[in-house]
Structures are given as structure tokens and as C-alpha cells.
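Visitor: Using the sequences and the hints given, assemble the complete structure.
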Amino acid sequence: MTRPRITLDVFSDYVCPFCYLEAPEIDALAERFGDLVEIRWRAFELRPKPEPTLDPDGDYLHDIWERAVYPMAAQRGMTLRLPRLQPRSRLAHEATAWAETQETTHPGCTSALRWALFRGFFEESLDLADPEALVRVAQTLDLDGEALRQALAQGDFRPQVMADQQTARELGIGGVPGLRFSLDGEHAGVLEGAQPRRQLFLAVERLLDAMR
Numbered sequence: 012m013t014r015p016r017i018t019l020d021v022f023s024d025y026v027c028p029f030c031y032l033e034a035p036e037i038d039a040l041a042e043r044f045g046d047l048v049e050i051r052w053r054a055f056e057l058r059p060k061p062e063p064t065l066d067p068d069g070d071y072l073h074d075i076w077e078r079a080v081y082p083m084a085a086q087r088g089m090t091l092r093l094p095r096l097q098p099r100s101r102l103a104h105e106a107t108a109w110a111e112t113q114e115t116t117h118p119g120c121t122s123a124l125r126w127a128l129f130r131g132f133f134e135e136s137l138d139l140a141d142p143e144a145l146v147r148v149a150q151t152l153d154l155d156g157e158a159l160r161q162a163l164a165q166g167d168f169r170p171q172v173m174a175d176q177q178t179a180r181e182l183g184i185g186g187v188p189g190l191r192f193s194l195d196g197e198h199a200g201v202l203e204g205a206q207p208r209r210q211l212f213l214a215v216e217r218l219l220d221a222m223r
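Whatever position you read off the sequence shown (first residue = 1), add 11 for this note's numbering.
Some hints could be false.
To be verified - Label-pair restraints from in silico Cβ distances:
id	residue 1	residue 2	range
1	69	153	36 to 42 Å
2	150	95	20 to 26 Å
3	116	178	27 to 33 Å
4	223	58	41 to 47 Å
5	51	204	16 to 22 Å
6	49	186	19 to 25 Å
7	223	78	37 to 43 Å
8	90	196	36 to 42 Å
9	35	59	23 to 29 Å
10	157	51	23 to 29 Å
11	116	78	26 to 32 Å
Hints are computed from structural coordinates only; laboratory data are not their basis. Computed from a predicted model, the values in this text were never measured in an experiment. Here a beta-carbon is modelled for each residue, glycine too, at the ideal position from N, C-alpha and C.
Guide: See the structure below:
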């Protein structure tokens, strides 16, 4: 099977509300262009150790949610609630990387887990740093919770997560969502921040025109 000539790498973090708000737009792009575009979700931990996490009760979060998150959520028809905690997200990224290895027996499980983690955090304040919480979410999707528990304890997928983080740095991506387009393996541009669906479609259509 021939690989698509256009690739979209989506660098995102589970604690970023704008990444959650962009997820339906990415899904819409996948539906619109199908096999013409390969979409790869990549890990980007906004606040890795030893950087401090944000104060869930601090003015910064309440201000940005009132000014930007809630209005965009209303515009896009999504329900978000300011989480009661601000955990580190590395383990959630590792869990998603593990899910990719389960696709043969559980097709679609990576996307399902991604959505479940986003929803869990932004609707129910799921503790993304708690391995047992991640295991419980995986089990609701009929995935092997014990296998995930072991993978997280051993750090099996930590190198993959760290490699994504390094790639983002090399590309100069400093915030998420960071959307990197490639054509035939060559860098073709980066968009940062939650983009409207029309903007994503236009970016792909321009690359398709360049192929003709």
C-alpha cells in the first residue's frame, strides 16, 4: 500500500484544553481527506519535571478559561470544565503509545483512549498522573489493564514520548496544539494553536495543489 504523500503531525498535551478543542477538527480533516493524509498524534508534555505544574485555583487558569476556553468550547459545541487538579501528563502519553501496539487486536483503540483521556480530564478531572486511573480507563475500552500497568511501571514507552518531545523542539514548536505538515517527507509548514476546520482544510488543499 502506498503511503500518503501528505503527513500531519499533531503535537498535543492532555492538559491543554485547546488540544481537546482541536481534536474534533482533526477528526473532521481525517474524514474529509481520508487516505490522502496520514495523521500522527505526537506527545508534547507542557510541564515536564522539574517545571512546576499550574495552580488549578490560580488566577492564570481562571482568566484564560473565561477569556478563551469557554467561548471556544461554546462555539465548537463541546463541554469542558476547569479541572480540579493539574497533573503531569507524561504517563498519559505513555499509555497512548502503548495503545498503538494493541491496534492489531483492538482496531481504533488508540483514538478511543485518546478521546477518553481528554474527556476524563476536562469533564471529570481525571488524574492523568495516576497509573491506576489510566488502567481503569483502558479497561473500560476492553484493553488489557495489567499489560498497561506493567508497561507504565517499566517505562516501556517513555523513550517514544521523549523522542516526540525532542522532535517538537527541533521543529521550534513551543506550544500546543502544534500542527506540522509534511509533503513527501519534507517540512511544509507549522500551525500553532487551535485552528478552525476551514484553516486546516485550506492547508491540505494547498499541498494537494502543489502535488498536481
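Visitor: State for each hint whether it applies.
Guide: Results of checking the hints against the structure:
1. 69 to 153: 36 to 42 Å: holds (38 Å)
2. 150 to 95: 20 to 26 Å: For residue 150 and residue 95 the Cβ distance comes to about 23 Å; the hint holds.
3. 116 to 178: 27 to 33 Å: Holds, since residue 116 and residue 178 (Cβ atoms, about 28 Å apart) stay within the stated range.
4. 223 to 58: 41 to 47 Å: Holds, since residue 223 and residue 58 (Cβ atoms, about 43 Å apart) stay within the stated range.
5. 51 to 204: 16 to 22 Å: holds (19 Å)
6. 49 to 186: 19 to 25 Å: holds (23 Å)
7. 223 to 78: 37 to 43 Å: Holds, at about 42 Å.
8. 90 to 196: 36 to 42 Å: holds (39 Å)
9. 35 to 59: 23 to 29 Å: holds (27 Å)
10. 157 to 51: 23 to 29 Å: This hint holds: roughly 28 Å between Cβ atoms.
11. 116 to 78: 26 to 32 Å: violated (44 Å)
The structure shown violates just one earlier hint, number 11.
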